[in-house]
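*Asks:* Dock chain B against the given chain A, drawing on the hints supplied.
Here is what each chain is made of, one letter per residue.
Protein chains: 2
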Amino acid sequence: MAKNVLIAVIGAGGVGKCFLGQLSALAARRPSPTLSLCYICTSKKAVFNADYSAIDISSAPSALATSAASPKALPSLIEYLAAAPAPVVLVDNTSSQDVADAYPLFLAKGINIVTPNKKAFSGSYDLWQAIFSAAAASGAKVYHESSVGAGLPVISTLKDLVDTGDKVTKIEGVFSGTMSFLFNSFAPTAAGAAAGKWSAEVKNAKALGYTEPDPRDDLNGLDVARKLTILARLAGLPVASPTAFPVQSLIPAALESCASGDEFLEKLPEFDGDMEKTKAEAEAEGKVVRFVGSIDVASQQVKVGLEKFDRSHPIAALKGSDNIISFYTERYGSNPLIIQGAGAGGEVTAMGVTGDLIKVISQL
Amino acid sequence: MAKNVLIAVIGAGGVGKCFLGQLSALAARRPSPTLSLCYICTSKKAVFNADYSAIDISSAPSALATSAASPKALPSLIEYLAAAPAPVVLVDNTSSQDVADAYPLFLAKGINIVTPNKKAFSGSYDLWQAIFSAAAASGAKVYHESSVGAGLPVISTLKDLVDTGDKVTKIEGVFSGTMSFLFNSFAPTAAGAAAGKWSAEVKNAKALGYTEPDPRDDLNGLDVARKLTILARLAGLPVASPTAFPVQSLIPAALESCASGDEFLEKLPEFDGDMEKTKAEAEAEGKVVRFVGSIDVASQQVKVGLEKFDRSHPIAALKGSDNIISFYTERYGSNPLIIQGAGAGGEVTAMGVTGDLIKVISQL
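Line by line, the protein sequences are chains A and B.
Sequence positions in the first sequence follow the UniProt record's numbering and run 1 to 364.
Sequence positions in the second sequence follow the UniProt record's numbering and run 1 to 364.
Keep in mind the hints are simulated off the structure, nothing from the lab.
Any given hint could turn out to be false.
One copy or two, either will do: identical chains are not told apart, so a pair holds if it fits within one copy or between any two.
[To be verified] Pairs of lysine-lysine, DSBU-like flavour, derived with a Cα cap of 30 Å:
no.	residue 1	residue 2
1	167	17
2	17	72
3	3	167
4	170	17
5	45	170
6	45	197
Just chain A, with the same shape it has in the complex (with noise of 0.2 Å):
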């Protein structure tokens, strides 16, 4: 194993501030290999030392406020990093699609990477060719368990399913937490539960954090498609794009043009009825209505929408913003093996990041 690796971060937002956290604690408790932060950034600064030097974790974020310096461009970074005196491992968390962009560059060089940034591995599917060929050719390591289910062991699930020869039949799940929180909370198991209008819980998941800023950022499903686009491609399925599969978007159509996230909340009570009607359909079944995505890998069929599940069935059953995704193989049979937890949050997904550093690191 390396006597040293150099760490080099871009993004301290939610997930990078945790992420820091869990480096700087990571680093104290393991005395072997060293692990040095050599290079920090934010969309605007950085802080590095030219000779690769080490910088305090724990006071990173503060010297980031401070600094003087901009970030490099991603060529220079390529650059840099390349000629560093020891392996490094680039930990990528922003969702930067430029970054992502860049991955087969870094790869090509030798410098590895961990990050829960989706864009890489759900954006062109020449994009996520060129990232595995640039790794294959250099033997650097690329890892993104945080990229689906944010630290649930989903990816590495999925890859040593495929890697020991199970064949994976199909993979269904809810896999965003804010859909997730929503439909807990509007069309609850419990019968009798109470429940608000569909407006009213897209407003209430949003006062609380649960939604993006602007909620249709969420209700689109294009965040899940990407998610499913991840997993699909794991399991064999080329995939050509997020968008090249049925999604269905919660946001009404009329509200597609909304100027903002604010006037959308304001006219959205107007369509709750359709909502209703959805939640009473499945209610007449004796079901309810869960925001869910599937990958059908015989048929190549990768789909994101409404579906409706017996009262019952474990998606029905999730609590709060909790994720789940079953995998149905040929060795697990009818009965999935299931991974289930919270999908979010900048600790859970700071972890994903920190195994696959460990991960990395233990091969280099």
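*Replies:* Relative to the frame of chain A, chain B by itself:
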């Protein structure tokens, strides 16, 4: 990464045969590193070449059947493998205490180990410490995913939680496929579902192959206690042995001394009243009874036995012979991280072993 890795296999029973099938496919699928089977044995026979040249994996079972060679004694096996010209992974597909007791000697010589054998990790705490000290000193790896929950990602998830700095507060679940099947049949969640007397369910489970040849080997709770011992130790509790905490046996005291499993099954109906009473008590509270294990990390309490659960609880809602393991941690808060699925069976157990082998190889 190493260019060639030597594999030595002990055991060619149910799990062992499935593992050989998976290894054969893996070796064919992955050109690098080359995976060479250099040694394979049962308790009676062995196949190996003095010069470590590769044994054909797919014909190994038939080669074993016709081999005239006896297995090497453990000290000479260690000597043979320690002198190998490439990194070695020992795959122990037995449940032998003798082999487990020799792990520290293998590891001290730099021989890596992957295994589903619970004995090594759930025996005395001295053996546990000797194993991990030897591995730390030599750098050899020891992986044992399938020692709990077969191929389910239980051990790897717990290690990730601990390694990334989360605090595990409680682990709870159904850890035995046999117990799961028995109680899902005997006390089904669906109100009014048909269920036989306890002794009839035990007989039925045996007829379907869900129990050991003598069902008392499942009903004594020791298998679950061994799994709990492993998880508790990984969570940081220095549990002395699987008999160092309360384990409820479902064998009536009067039947402990039956000469055979058949005699036990014949006399078990005399005690059906006890289990009916336990079941009725749970039903009076609107609950069902299940055989679970739990680890409370803060209070250092480990226990195995019958508990009552609401019908809507995930433990009550299990199906077939599935396992379920809930990790309560500081990061995951009140909703645990849950892993669920088949926790027994040749192919899924072998899958955990093959997955571990892949992870060890990536570090050689």
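*Asks:* Find the hints from earlier in the document that the structure breaks and name them by number, from lowest to highest.
*Replies:* 5 and 6
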